[in-house]
Amino acid sequence: NAGVMQNPRHLVRRRGQEARLRCSPMKGHSHVYWYRQLPEEGLKFMVYLQKENIIDESGMPKERFSAEFPKEGPSILRIQQVVRGDSAAYFCASSPQGQGVRNSYEQYFGPGTRLTVT
Amino acid sequence: GDSVTQMEGPVTLSEEAFLTINCTYTATGYPSLFWYVQYPGEGLQLLLKATKADDKGSNKGFEATYRKETTSFHLEKGSVQVSDSAVYFCALTGNQFYFGTGTSLTVIP
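Here the protein sequences line up with chains A and B, keeping their order.
Throughout the first sequence, residue numbering follows the working numbering, covering 1401 to 1518 in sequence.
Throughout the second sequence, residue numbering follows the working numbering, covering 112 to 220 in sequence.
Rather than coming from a laboratory, the hints here were simulated on the basis of the structure.
Computed from a predicted structure; not experimentally measured.
It cannot be assumed that every hint is accurate.
Heads up, simulated DSSO-like pairs for lysine-lysine below, C-alpha to C-alpha not over 30 Å straight-line [to be verified]:
(1) A:1444 - A:1471
(2) B:171 - A:1427
(3) A:1451 - A:1471
(4) A:1444 - B:167
Could you build all of it, start to finish, from the sequences and the hints given here?
As structure tokens, this is what we get:
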């Protein structure tokens, strides 16, 4: 039973380029979450998606960042015109049900994509 | 809003020492509480969880008890090993998953 898959594991981009990060959730999971982990900081929630729907994007920067989870295929986190401050580890997680109060479903994490902007 | 406050690190212990990592939370309703562990270069893995007051989660010698009266979920282990060196995250579920900032633990032989 494959876990959450993320690729690439490492991504190097020059300033101004685009970065595309992919996440395939665990089999049977239809809820996907993206987090960013900056050096020496904790995990910051970015966005929560279900198939073809963005449920909560309150943690996503307003510009340059977008996410999708199409009916077929992996979830994509897209960063346009990357800057050095975007260098971080980006983690994807999935769960079988959505989050909510009184919800005990844990999230299963992928190994992360480490983005370096030069 | 909901939040988790976690003991700051880094923490360095000798092998077989007792470990406590403090975690307190603020939440409306009745959240579930979690501890996740992150080994170097890897993603987060669920360590243990508790879904209601007075529940005790346990795994691999680690324990944490959901204390509603003190809004706490402290992580403990009686005798740490070098292999426990990692970053530990406390988390709760609300409308989102809220993570603490993480506590880095290094266990030296």
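Status of the hints after comparison with the structure:
no., hint, verdict
1, A:1444 - A:1471, "holds, 26 Å"
2, B:171 - A:1427, "holds, 26 Å"
3, A:1451 - A:1471, "holds, 5 Å"
4, A:1444 - B:167, "holds, 27 Å"
Comparing the model with each earlier hint shows no violations; every hint is respected.
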